[in-house]
Amino acid sequence: MDKFQNKTLSELLQLAREWGLSGYSKLKKSELVRMLTRKVSQLSKKPSRKAPAAPPAPRKTAPKAPAPRPRAASAKTAAQKAATRKTAAAHHQAAGAGKRLPEAYQDGRMTLLTRDPFWLYCYWDLTDEQQEKLWSQENPSLRLVEEGAGGTAAAREVKRIPLARGARSWYIQVDTAGRPYRAELGHDGPDGQFQPIASSNLSTQAPATVSPDTGGEFAAPGGGAGKAGRAAVAAGASPSSVEEERKRADRLFVLSAGARRGFAGSGEALSELAERLQRGLASEQLHSGAQQQPVPEQADYWLVVDAEVIVYGATVPGSKVFIQGRAVDVDGGGRFWARFALPDGTLSIPITGRSPDERFQRRALIEVRRATEPPR
Amino acid sequence: MPARGAVSFLLHAHLPFVRHPEHEHFLEEDWLFEAITECYLPLLETFEELLQRGVRFRLNLVLTPTLLSMLSDPLLSKRFRRHLEGLIELAEREVRRTRADASLQPLARMYRNRFRAAEKRWSAGRGDLIGAFGQLEQQGCLDIFTSAATHAFLPLLSPWPQAVRAQLRCAVRTHRRLLGRNPRGIWLPECGMYHGLDALLRENGIEATVIDAHGLLHARPRPRFGVYAPAVTPTGLCLFARDLESSRQVWSAREGYPGHPDYRDFYRDIGWDLPIRQVRRWVQPDGSRKATGIKYHRITGPTAHKELYQPGLAERRALLHAAHFVGERRRQIESLHPHLEGRTAVIVAPFDAELFGHWWHEGPLFLAEALRLLDGDPDLYSESMLGLLRDSPPLQVVTPFLSSWGQHGYCGVWLDSSNDWIYNHLHRATEQMIALTRAHPTATGWMRRALNQCAREVLLAQSSDFPFMMKMNTTVDYAVRRVEDHLLAANDLIQQIATGRIRRRELAALEQRNNLFPDIDYRDFAI
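Residue numbers (my numbering), protein chains in the order written: chain A, 160 to 535; chain B, -17 to 509.
Simulated from the structure, these hints should not be mistaken for laboratory data. Every residue gets a Cβ at the ideal spot worked out from N, C-alpha and C, and that includes glycine. It is possible that part of the hints are untrue.
Claimed, not checked - Only some residues are given here: those of chain B computed to face chain A with a beta carbon under 7 Å:
id, residue
1, 206
2, 256
3, 258
4, 260
5, 410
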């Protein structure tokens, strides 16, 4: 096919990679052209949206040179840091040699992970049949349900998210922490009823607040195996009233949260500290030498700012779009999107679009800077 | 009358499994060599010296299964030896080079003497660091904890309890093989706890662990004594919580001790500073530079200009900081005491062991002085967690939920746009491993070897270190390659096992390369 003959070898390799082909890296140009041509004819015979198939044929991995990079860490000089920085995207570009993992396995799995009390992450790897079913519908969507207590009560729908065609994962925000959630992929039926195509596991619960329950059962430590060795014991001096008990707990809570000494646990300040703990701020700067987050200097004032960047757009259907060097899915209507976390520093997002016939190319650049002032 | 407060230090010594026999020199293997020279040997000597001086102290040390595996590996020991001899030679050259420089000469001598001493200690113990730490445990100064087999962040494996069990069973077996006893305590990788994990830990004989402050504060019911008393889960696992105030004094980039201008600067290193011809043999084979371990400057301040290191000044500062640390703990327990109903306030201070000596050069000295001061204090003492449980009053029964010590306190560090792509692959290999185990309950011969190696590759791919490097944007190439290599190997083996056609030569080569956990049992993945 002329379309491929006119390309350079590296362009062909790039194409093969984007199409999820395997075993291409050692091929000669003519062999590559044949492989790509075969792929195109397969696609035209089978109009369904086919993600790349089976794992790559086993092949010996080429010996790899050690990465010539110094060990990176927190307060490096700028030069050393620059020498170390390399994004995963860049890696995917660079590591053309050797075997790569397949893009997908198409075994119908759908997994829901709890990221934190207010964010879940869901990914799916659908079979051909499931994909056909899902994307051929008018309103493909992701539905989040809260499972009823003890699995007996009916599940309650929490939200329904319309999906961009070809999406394979999603971060889902929830308003209520600490509940057991399940995710489903599907579409609206004729009566508005949700028609599920795939369903996930139940997510791990993550409460974000202090428990209202102040129950005081005590047990001897190391009391043998599990419940057998457990004996309820009355606590030391029993508090004279529930109110006193609560106050005591409040004070220890304030002290536990790393508050400065002498800080009185007034109700208001307490709720701020609770908030700080909810956001995990109390711990964030403490993780390791490699993290240098600013510390809230004073317990009576704090500020936290978080941001994520969503890039979206549209182009001629059938075009290619690369964001940060990675090909993104362009749906049948020509729409595309990508989502980025935004840590402190400058996030650079180069976007390149190529027309279906590769004759036209256009670039755009988005740069976002996030600078969090350290506390004074 | 019990003491008013106990400080329980925990040093978490961990490195991901890095071993590349296929290369004569491999940059990332330096992580282990640097940690042995700058951290593990100095810490060992610190403890031995305290013991000799009659200081009573006890603390918790985590030796993760991957670190134990590397410390007991003959190839890596041989390479460490070569590395250390090279360092001594470099230091000797430096002593000659700085002959005429009165300010540098003593520093060069300091490094030479230190490396020679490290060589002497290493040889005296025949390179058996594990045995030396085990000895300290027997003498009652240390309690050695384990961790998950390959430091997997367990909350993101929670939908597959079989995989979590495999991590734990393999860890316990490795600990027993190399330290001669079952571990009673565990450090959860990244402090990652989730609802239900306690039962799996108890199944494996674990009695105690540490969670982050909010992990305990958000437990149900609300803990009456905050983070200052251990609690126990309904299945009998004792929970200690990290004290944020003492952590901050050491960890924090702004307020923390290690950033003081008097301390040695980590980043100025002759590997970067000297003309290339003088250090060519000590940087990378292709001539790219790297740190050698010889560093002549102090932090000085937030400037590019660095003053020369003054050991005396740094030592005094470390002693002052230790005194400050203990003084702060004393004041802390004074404010806690009225609220604890006569209980001993328990202050748990966990740190990465590599902070002491590697990042914070003076860290071991700080620790020694803090332990000495605690021994002499009327109200405070140092104690391990298991020690604290021995004569403990009854503990409150609580149920913990999801928490970690990562940024924001949950799973965001190991699950965000920089690394979320790995989970589809990782979970698929994990599920396949579980299914294969079910299909082959009694494999023998080559089939068994293939299943065992597949288990190794799956476990290695689960290491939390790799998504962490991707998130932190450090050595990303290496992290991506490691995850891919282990998963590709696992996927290959899965296919071979499913079709019953094992490619023996490839398998044998893989066993040679990723040779950790010789007594692994793939059936650990069975429920």
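A quick look at each hint next to the structure:
1. 206: Because about 6 Å separates residue 206 (chain B) from the closest Cβ in chain A, which is inside the 7 Å limit, the hint holds.
2. 256: Not OK, violated: residue 256 (chain B) not within 7 Å of chain A, min 15 Å.
3. 258: violated, 14 Å
4. 260: violated, 18 Å
5. 410: holds, 5 Å
Violated hints, in rising order: 2, 3 and 4; the structure is consistent with all others.
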